[in-house]
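For reference, the chains in residue letters:
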Amino acid sequence: MVRMVRLNQGLMRWWCCKSPHLRMYYQWSPPPLTSSQEGVKHHVVDLRSDTVTKPTDGMKKAMMEALLGDDVYREDPTVSELENRMMHLTGKDAALFVPSGTMGNLISLLAHCEHRGSEVLLGDLAHIFLYEQAGMAQLGGIQPHIIPTSHDGTYDAKELVHRLRDEDVHCPRTTLICLENTHNKCGGKVLPLSWIDEVGEVAKLLRLPVHMDGARLMNASVASGESASRILEACDTASICFSKGLGTPVGSVIVGPEPFMYKALRLRKVLGGGMRQAGMLAAAALYSLDHMVDRLAHDHSHAQMLAQAIHQNGNKIASCHPSEVHTNIVVVEVNPDVLSPEEFCNRLSVVEEGEKSAVGDSIIVKVLPWTNTAVRFVTHHDVSTADIEAAAAKLKYVIQEIDKNGCECCVFADYQSEAERNEALQCRRGLGVEKSSLGACCRPHSVNDAQRRLFEMAYVRVKIWGNHSTLTTVMSVRPA
Amino acid sequence: MDSHVFSITEQRTYVICLATNLIPLAPTRNQFCLEVTSEQTNIMAATQTSGDEVVVVDLRSDTLTQPSPLMKQAMVEAPLGDDVFGEDPTVIALQKKVATLLEKEDALFFPTGTMCNLVSVLTHCQQRGSEVILGDQSHIYLYEQGGISQLGGVHPRAVRNLPDGTFDLHELRKLVRSDNVHFPVSALVCVENTHNVAGGKVLPLDWLDELGATCRQLGLPLHMDGARLLNAATALDLPPARLVRSCTTVSLCLSKGLGAPVGSVLAGPEDFIERARRTRKAVGGGMRQAGILAAAGIFGLDHVYPTLGRDHRLLQELAKAVEACGSKIIRCDPQATHTNILLVDCDLNVVTPEALCNRMGQATQEEVMSLGEHVIVQMLPITDTKARLVLHCDVTPNQVQSAARKLRYVIKELDSDC
Numbered sequence: 001m002v003r004m005v006r007l008n009q010g011l012m013r014w015w016c017c018k019s020p021h022l023r024m025y026y027q028w029s030p031p032p033l034t035s036s037q038e039g040v041k042h043h044v045v046d047l048r049s050d051t052v053t054k055p056t057d058g059m060k061k062a063m064m065e066a067l068l069g070d071d072v073y074r075e076d077p078t079v080s081e082l083e084n085r086m087m088h089l090t091g092k093d094a095a096l097f098v099p100s101g102t103m104g105n106l107i108s109l110l111a112h113c114e115h116r117g118s119e120v121l122l123g124d125l126a127h128i129f130l131y132e133q134a135g136m137a138q139l140g141g142i143q144p145h146i147i148p149t150s151h152d153g154t155y156d157a158k159e160l161v162h163r164l165r166d167e168d169v170h171c172p173r174t175t176l177i178c179l180e181n182t183h184n185k186c187g188g189k190v191l192p193l194s195w196i197d198e199v200g201e202v203a204k205l206l207r208l209p210v211h212m213d214g215a216r217l218m219n220a221s222v223a224s225g226e227s228a229s230r231i232l233e234a235c236d237t238a239s240i241c242f243s244k245g246l247g248t249p250v251g252s253v254i255v256g257p258e259p260f261m262y263k264a265l266r267l268r269k270v271l272g273g274g275m276r277q278a279g280m281l282a283a284a285a286l287y288s289l290d291h292m293v294d295r296l297a298h299d300h301s302h303a304q305m306l307a308q309a310i311h312q313n314g315n316k317i318a319s320c321h322p323s324e325v326h327t328n329i330v331v332v333e334v335n336p337d338v339l340s341p342e343e344f345c346n347r348l349s350v351v352e353e354g355e356k357s358a359v360g361d362s363i364i365v366k367v368l369p370w371t372n373t374a375v376r377f378v379t380h381h382d383v384s385t386a387d388i389e390a391a392a393a394k395l396k397y398v399i400q401e402i403d404k405n406g407c408e409c410c411v412f413a414d415y416q417s418e419a420e421r422n423e424a425l426q427c428r429r430g431l432g433v434e435k436s437s438l439g440a441c442c443r444p445h446s447v448n449d450a451q452r453r454l455f456e457m458a459y460v461r462v463k464i465w466g467n468h469s470t471l472t473t474v475m476s477v478r479p480a
Numbered sequence: 001m002d003s004h005v006f007s008i009t010e011q012r013t014y015v016i017c018l019a020t021n022l023i024p025l026a027p028t029r030n031q032f033c034l035e036v037t038s039e040q041t042n043i044m045a046a047t048q049t050s051g052d053e054v055v056v057v058d059l060r061s062d063t064l065t066q067p068s069p070l071m072k073q074a075m076v077e078a079p080l081g082d083d084v085f086g087e088d089p090t091v092i093a094l095q096k097k098v099a100t101l102l103e104k105e106d107a108l109f110f111p112t113g114t115m116c117n118l119v120s121v122l123t124h125c126q127q128r129g130s131e132v133i134l135g136d137q138s139h140i141y142l143y144e145q146g147g148i149s150q151l152g153g154v155h156p157r158a159v160r161n162l163p164d165g166t167f168d169l170h171e172l173r174k175l176v177r178s179d180n181v182h183f184p185v186s187a188l189v190c191v192e193n194t195h196n197v198a199g200g201k202v203l204p205l206d207w208l209d210e211l212g213a214t215c216r217q218l219g220l221p222l223h224m225d226g227a228r229l230l231n232a233a234t235a236l237d238l239p240p241a242r243l244v245r246s247c248t249t250v251s252l253c254l255s256k257g258l259g260a261p262v263g264s265v266l267a268g269p270e271d272f273i274e275r276a277r278r279t280r281k282a283v284g285g286g287m288r289q290a291g292i293l294a295a296a297g298i299f300g301l302d303h304v305y306p307t308l309g310r311d312h313r314l315l316q317e318l319a320k321a322v323e324a325c326g327s328k329i330i331r332c333d334p335q336a337t338h339t340n341i342l343l344v345d346c347d348l349n350v351v352t353p354e355a356l357c358n359r360m361g362q363a364t365q366e367e368v369m370s371l372g373e374h375v376i377v378q379m380l381p382i383t384d385t386k387a388r389l390v391l392h393c394d395v396t397p398n399q400v401q402s403a404a405r406k407l408r409y410v411i412k413e414l415d416s417d418c
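Residue numbers (our numbering), protein chains in the order written: chain A, 1 to 480; chain B, 1 to 418.
Source of the hints: derived by calculation from the structure; they are not laboratory data.
Yeah, the Cβ is synthetic: ideal placement off N, Cα and C, and Gly gets one too.
One or more hints might be untrue.
[Claimed, not checked] Pair ranges (Cβ atoms, derived):
1. A:K396 - B:G86: 27 to 37 Å
2. B:P269 - A:G141: 26 to 36 Å
3. B:S149 - A:L206: 48 to 58 Å
4. B:V181 - A:R230: 50 to 60 Å
5. A:E159 - B:D302: 53 to 63 Å
6. B:K320 - A:G141: 30 to 40 Å
7. B:S149 - A:E233: 34 to 44 Å
8. B:V181 - A:G141: 22 to 32 Å
9. A:K356 - B:P89: 25 to 35 Å
10. A:E159 - B:D168: 28 to 38 Å
11. B:P69 - A:R230: 34 to 44 Å
12. A:V40 - B:H303: 48 to 58 Å
13. A:A134 - B:P269: 24 to 34 Å
14. A:D57 - B:T307: 24 to 34 Å
Bound conformation, chain B alone (with noise of 0.2 Å):
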C-alpha cells in the first residue's frame, strides 16, 4: 500500500477536510495516527479543485472542538496570576469550581486527561511495587502509552471489562493481592465512566455504588477516569456528584464535548491534591498564567455542560439511521448508544471498519448525484470489528441530517455489493 507518512517538518497545507485513512500500523489497531494513502490526498485534491461545495462532518472525535468566540472572550478576559506560585485566580476558581461541582474536598488544573490520570495513579501509587486493578478496555491501560509502569513504576493488574463497561465484582475480588514476597501490593482500583471503547457507556449507579462499598471493604481506593464524566451525568440526570460518590478521585476533561482548547482536573482529598500538585510538577504540568486555560473550562462547565443533552439526541438521529437500514452487514444498537459515542458493527467478510471508514470519507459522483450534496464524514475504527463516531457540540443538526443521509447511501451500496 503506497502509504504517506506526515513528518514534522513537512510543509503542510492546511485543508479543512482532513480524511484520515487510518492505517493500523501493527497488530494492535486502534493507533490514531497519521498516515494518508496517496489515493486519499488524490481524492482530497481533486475534490478541492472541484468546486463542490464540501459538507464534511468530522465524528472522529470530541476532543476536536473548538473554543466559541465567546469561550475566547472569556479566556482573554480572565484575571491571570503566575499557577506554579498558587498565584493565577482563574484557576483557583475552576478548581474551586470542580472541587464543589463533584463534591470532593479539592481540585487541580491539569493540560491533559492523560497527565490528569497518571499522575492521579503515581499519587495514589507511593510505594515501590503498587499495583493497580483496572478495565482490560480501559483507556488507562490502552491508551496512555503504560505511562503509570513507563514512568511511575507501577504494575496494571487487568480486570475484563463487561460490555456494557463494567467488570465483575468477584473477578476484582479475586485479583486482589494478599501479603506476600512474590506479589506486588495493591493499592488502587481504577473505573472509567463513560466507558470509551464499550462506546460511551454509563456505568450503572448501582454497581457503582457496589463497587464503591466493595473497594471500602478491600482497603482500596478507587479513581475514576471521569474524562466523559459529564455527559455519563447527563444521560442519568443526576448531578455528577451522586456517581462519583464512592469514588476517592476523579479526572475530568474539559476538552472534550464541554469545548475547550485544553484541560482536564482532577478532583480528590485535599490532602492528596496536596501531593498531586508535587506530581504534576515533576512530569512538567506546572503551568503559568494557566488561568486562559482555565477560563475556557469555566465556560465550559457554565454554558457547555447543560446541552450535552443535545449531543446524545443527535447521536441518537444516527444510530436510528444506521438501524433503519436493517443491514446485516453495517449494524448499530441505538438503546446501547448512551452518550455521544456510537459503535457500529461491520461484518468482516465484506467491509473492514477501516475501509468502512475510508469509504466515509470520500464520495463518489454517483453518491453526490444521489444525495444532491457533498457530504464527507470522518470517522474512525476503534476495534477489528467496529468503528466510532462521536457527537459534539461542534456539529450542527444540518450536519448530522447530512451524516444520517450519507450513511444510509453508504451502507445500501454495501449491502447491493454483496
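Extracted from the complex, chain A is given alone in its bound form (with noise of 0.2 Å):
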C-alpha cells in the first residue's frame, strides 16, 4: 500500500525559513547517472558558476608567449603589464596580481584593518561575510558588522552612521566599509552608481575607505554602461576576479592606493600568495582584457534568454523575474511546497526515460541549489546559445513534468550495492512512484536515522511510502 506520509512538515517548513543563506552550495553535488543513462552522450550545459570557465585557444597561445621573470622579486614583466593596465582602467595608482579573489579580498582587508580590534562594515549577504571562510576574523581577528542587504545589492546608507562605533572602550573601531558589485547572492544585481556614489560620500564623512568586491565588476560595468574607474570612484580599494566571466584559469587583482599595495604586496606574501613565473596567469588575464570583456553582454542576454524560459512556463512550479536579471546570473525561486532547491537540481541533471524523444536530445543541466528555496543559474562563455537553448527546451520539459505529476524527487542514498540500488529502483516502480522520481531507499534500521540526517540538514521534505519487505523508501538527500 502506498502511504504518503507528510513527516512534521511544520518543523521542516520552520526549519526552512530559519537560515535561508547558510547553504554550503559547493557541498552539493548531483546523483550519479545510473547505469542506463551512464555511457550515454549527453548535451551538458554547466550553468553551476562563471567559474568553470576555460581558457580560450588563443588565451593560452598569449599564455605560452608571455615574458616571464620571478614576481616575487617583481621582476615578472608580464604580470607588471597586467598590473599597469588594471591601474589605468581602474584609475587607481597601484594595483597587485593575486592568485584568487578571496585573497584579494582578505588582503585588502587585512592590509586596511592594520590594527587589533577592527570592524568592517558590510551586506549581510556579502560574499566575504557568507563565503570566505571567516577569514576576516579567523586570520585577521577583524570583526565583521553586517547590515541587511536589500534584494537589489544594496543596504541603507543611513545604516553605516548608525553602525559606526563610538570611541569607547567597549567598542572595536570601525575600519573600513565593503560592498560587493555585482552582488552575487542577490542575483547578480548591479549596484546603482547613485547608490556606490551615496556610500563615498557617507564613507568620507566618517573618514572611512570604502573596498569593493569587485569579483563581477567587469560584468557591472558592460551591463550599466558605465567604465570601471567611474563605478570604482567613490571606492578606495577593489578586488576584481579575471577567472570567472573573463574566462582566465587562476587570477584576480587588488587595486588601490600605492601605500596600501605596498602593506598588500606583504600580505599577499604572508598568505602565500608571492607566486614565481605568474606572468603566465597574468597573461590570461591581459588576453582577457582585449578580448573577453565585450563579449559579457552576451552571457547577460543569455542569462534573460534563461529568465524568459522560465518565466513564460507558468511561474507555479519555478518563477523569476527577467527585469531581476541584470548580469550572467539567474536565480529562480522553487515551489517549496512542490519541491527543494535540490530536487530541482538533481532532476535537472538527469535524464529520465522518454525525456530524450520528447525534448529531443539527452540534454543535462548543470546548477546548483542557492537558498533554501531557489537555485542559481549563471552563464559564461563557454555555453553557447545553442546550450542555452538546450536548457531552456529541458527546463520547459522538467517543469511541465513536475507540474503534471508532483516531485518526488529526491537524491541517491547511501546504497550498499548496485543490486540494492536496482531493488530501490524497483520498489518505487512497485509503489506506483515512477516518472519524476528519483527515489532513495534504505534499510528499515536505518530510516531513524536517515530521517535524523535529513532533520539536521533542515532543508529536505520528507516522505516515507510504502513498505517494502526489506526497504523502505525514504526520501532522502544524498549526503553532502
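From these two lone chains plus the hints, build me the complex, please.
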C-alpha cells in the first residue's frame, strides 16, 4: 500500500525558514547517473558558475608566449604589464596580481584593518561575509558588522552612520566599509551608481575607506555601460576577478593607493600568494581584457533567455523575474510546497525515460541550489546560445512534468551495492512512483537515522511511503 | 648612499640583466628587496649602450627558473576543470603523483611553498595556544614573515640549528612543553631538507630517522619543509619516500629546481589533507583551472627531476674554482656543498657579502679585456658573512665556466688589493 506521509511538515518549514542563506552550495553534488544512463552521450550544459570557464586557444597562445620573471622579486614583466593596465583601467594608483578573489579580499581587509580591534561594515549577504570562511576573523582578528541587504544588493547608507562605533573602550573601531558589485547572492545585481556614490559620500564624512568586492565588476561595467573607473570612483580599493566571466584559469587583481599596495604586497607574501613566474597567468588576464570583456554582453543576454524561458512556464513550480536579471546570474525560486532546490537540481541533472524523445536530445543541466527555496543559474563563455536553447527546452519539459506529476524527487542515498539500488528502483516502480522520481531507499533500521540526518540538514521534506519487505522508501538527500 | 627604490607604479623597462644591489634595509640582513643604487643603474645603462655582448649568469635563486617550451606545451594541452569543485583532472593527477612519490596518503596543490608551510602548520596546530618547534635558521622561522604567528596565532620555539642543518635532539626534548598553565602546547616539530641557509645541506638520513623516532616518542607530528627535497634525494641517490618516511607531512616545491613557473605540493594523511583543503581556501589558495600550473609540475617531476644531479655537478665546478684560488678572503668548502647551493665566506675586514655581490654584478674594462668576455654574475648575500650562489636548470655549462672564470678573477683582484 502506498502511504504518503508528510512528516512534520511544520517542523520542516520552520527549519527551511530559519537560515535561508546558510547554504554551503559547494558541498552539493548531483546524483550519479544510473547504469542505464552511463555511457550515453549527453548534452551537458554547466551553469553552476562562471568559475568553470576554461581558457580559450587564443588565451593559451598568449600564455605560452608571455615574457616571464620572478614576481616575488617583482621582475615578471607580464605581471607588471597587467598591473599597469589595471591601474589605468580602474583609475587607481597601484595594482597587485593575486591567485584568487578570496585572497584579494582578504589582503584588502587585512591591509585596511592594520590595528587590533577593527570592525568592518558590510552587507549580510556579502560573499566576504558568507563564503570566505570568515577569513577576516579567523586570520585577521577583524570583526564583521553586517547590515541587512536589500534585494538589489544595496543596503541603507544611513545604517553606516548608525552603526559607526563610538570611541569607547567597549567598542571595536570601525575601520572599513565593503560593497559587492555585481552582488552574487542577490542574483548578479548591478549596484546603482548613485548608491555607490552615496556610500562614498557617507564614507568620506565618517572618514572611512571603501573596499569593493568587484569579483564580477566587468559584468557590472558592461551591463551598466559605465567604465570600471567611474564605478570605482567612490571606492578606495577593489578586488577584481579574472577567473570568472573573463575566462582565465587563475587570478584576481586588487587595485588601490600606493601605500596600501605596499602593505598588500607584504600580506600577499605572508598568505602565500607570492607566485614566481606568474606572468603566464597574467598573460591570460591581459588577453581577457582585450577579448573577453565586451562579450560579457552575450552572457547577459543568455541569462535573459533563460529567465524568459522559466518565466513563460507559468511560475507555479519555478519562477523568476527577467527584470531582476541584470547580468549573467539567474536566481530561480522553486515552490517549496512542491519541491526543494536540491530536488530541482537533481532532476535537471538526469535524463528520465521518454525525455529524450520529447525534448529532442539528452540534455543535462548542471546548476546549484542557492538558498532554501532557490536555485542559481550562471551563464558564461563556455555556454553557447545553442546550449542555452537546450537548457531552456529541458527546463520547460521538467517544469511541465513536475506540474503534472508533482515531484517526489530526491537524491540517491547510500546504497550498499548496485543490486540494492536496482532493488530500490524496482521497489519504487512497484509502489507506483515512477516518472520524475529519483527515489532513495534504505534499510528499515536506518530509517530513523536517515530521518534524523534529514532534519539536521533542515532543508528537505521527508516522505515515507511504502514498506517493501526489506526496504523502506524514504525521501532523502545524498549526504554532502 | 644614493638609492632608488622601485615603486610599483613606476614604468619599468625590462632589462634582462637586472643587477640587484641588495642593501639590507635594517639590522635584519637577508632581505630580498629591490633597492638598486643609482651607480648600479648607471653602470647597467653604460653596459647596455656599449654594445658588448654581456653574459649574464643569474645565480640568485632556483626560483628564477622558467618553463621550457615543452613544459609550456604540456601546460596548454592539459585537461582542466574547476579545482575548487575538485574537478580539475590535472591537479588531481599531480596530487596523486606526489602522494605516490612520497608514499603519503594524499596531497594538495598550492600556489607557493610559503602557503604550503603556512597551511600545514595551521592545520597541525588547530588548538589555540599551540607551539611549534623548529630550527632557528629555518625558512619558516626566518623568511615567511612570521605567518604562522601573524595569521595562525601559533608560537614558534626555535631550536639552535647546527651548521649541517640539523639540531640537537636532546635540546629538542628539552623544548617540549609540559602541561602547565604558563605554557603553550607543543603541537608540531618542523625540519627543513635541504637546509637553505646552511647552504643546501642534505640532512643525514640516520639523523632524520632518529628525529622521527624522537617525535613519535614525544607524540608530536613532524612536518618537513621539503622545498628542495628532490635535491636531497638526488644527492643521496635514494627515493624521496625514504627521506620522508618519519614525517607526518611534507611540502615540496615545483617552482624551484624542477622549473615549473608556480606551485608547491603538501603531502600527508588523508584526513589531514581534507582539513588542509579548508585552510587553503581560507587563505585564498583555492585556484580554479589550476591544472594549467599542475601540468608544469607533472612535467617537472617527470623530466627535470632526473637532471638535478647535473645542477649539483656544475655547482661543484664553481666551488672548486673558488677553492682553487686558495684565497683567505673568499672561501668555500666543496665538501660541504651537497646540492645546488654554494655558500661563499667573506673576510669582513676586506669585503662584505654585499660588496662581493656588487662586484660580481659589474664588469670593469680591465676585467673584460682580461677574460675576453663581459660576464655578470648575479648572486645574493645570505648572512652577515656569506654570499649564496644557486645553480638550476636554466644555467648552461658555458655560463658556469664563465662564472667560474669571473669568480677567479674577482677573488684574485680582492687578494691583490690587500
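Here's how the hints hold up against the structure:
| no. | hint | in the structure |
| --- | --- | --- |
| 1 | A:K396 - B:G86: 27 to 37 Å | holds, 31 Å |
| 2 | B:P269 - A:G141: 26 to 36 Å | holds, 30 Å |
| 3 | B:S149 - A:L206: 48 to 58 Å | violated, 32 Å |
| 4 | B:V181 - A:R230: 50 to 60 Å | holds, 58 Å |
| 5 | A:E159 - B:D302: 53 to 63 Å | holds, 57 Å |
| 6 | B:K320 - A:G141: 30 to 40 Å | violated, 52 Å |
| 7 | B:S149 - A:E233: 34 to 44 Å | holds, 38 Å |
| 8 | B:V181 - A:G141: 22 to 32 Å | holds, 23 Å |
| 9 | A:K356 - B:P89: 25 to 35 Å | holds, 28 Å |
| 10 | A:E159 - B:D168: 28 to 38 Å | violated, 59 Å |
| 11 | B:P69 - A:R230: 34 to 44 Å | holds, 42 Å |
| 12 | A:V40 - B:H303: 48 to 58 Å | violated, 39 Å |
| 13 | A:A134 - B:P269: 24 to 34 Å | holds, 25 Å |
| 14 | A:D57 - B:T307: 24 to 34 Å | holds, 31 Å |
The structure is inconsistent with the numbered hints 3, 6, 10 and 12, although it conforms to all the rest.
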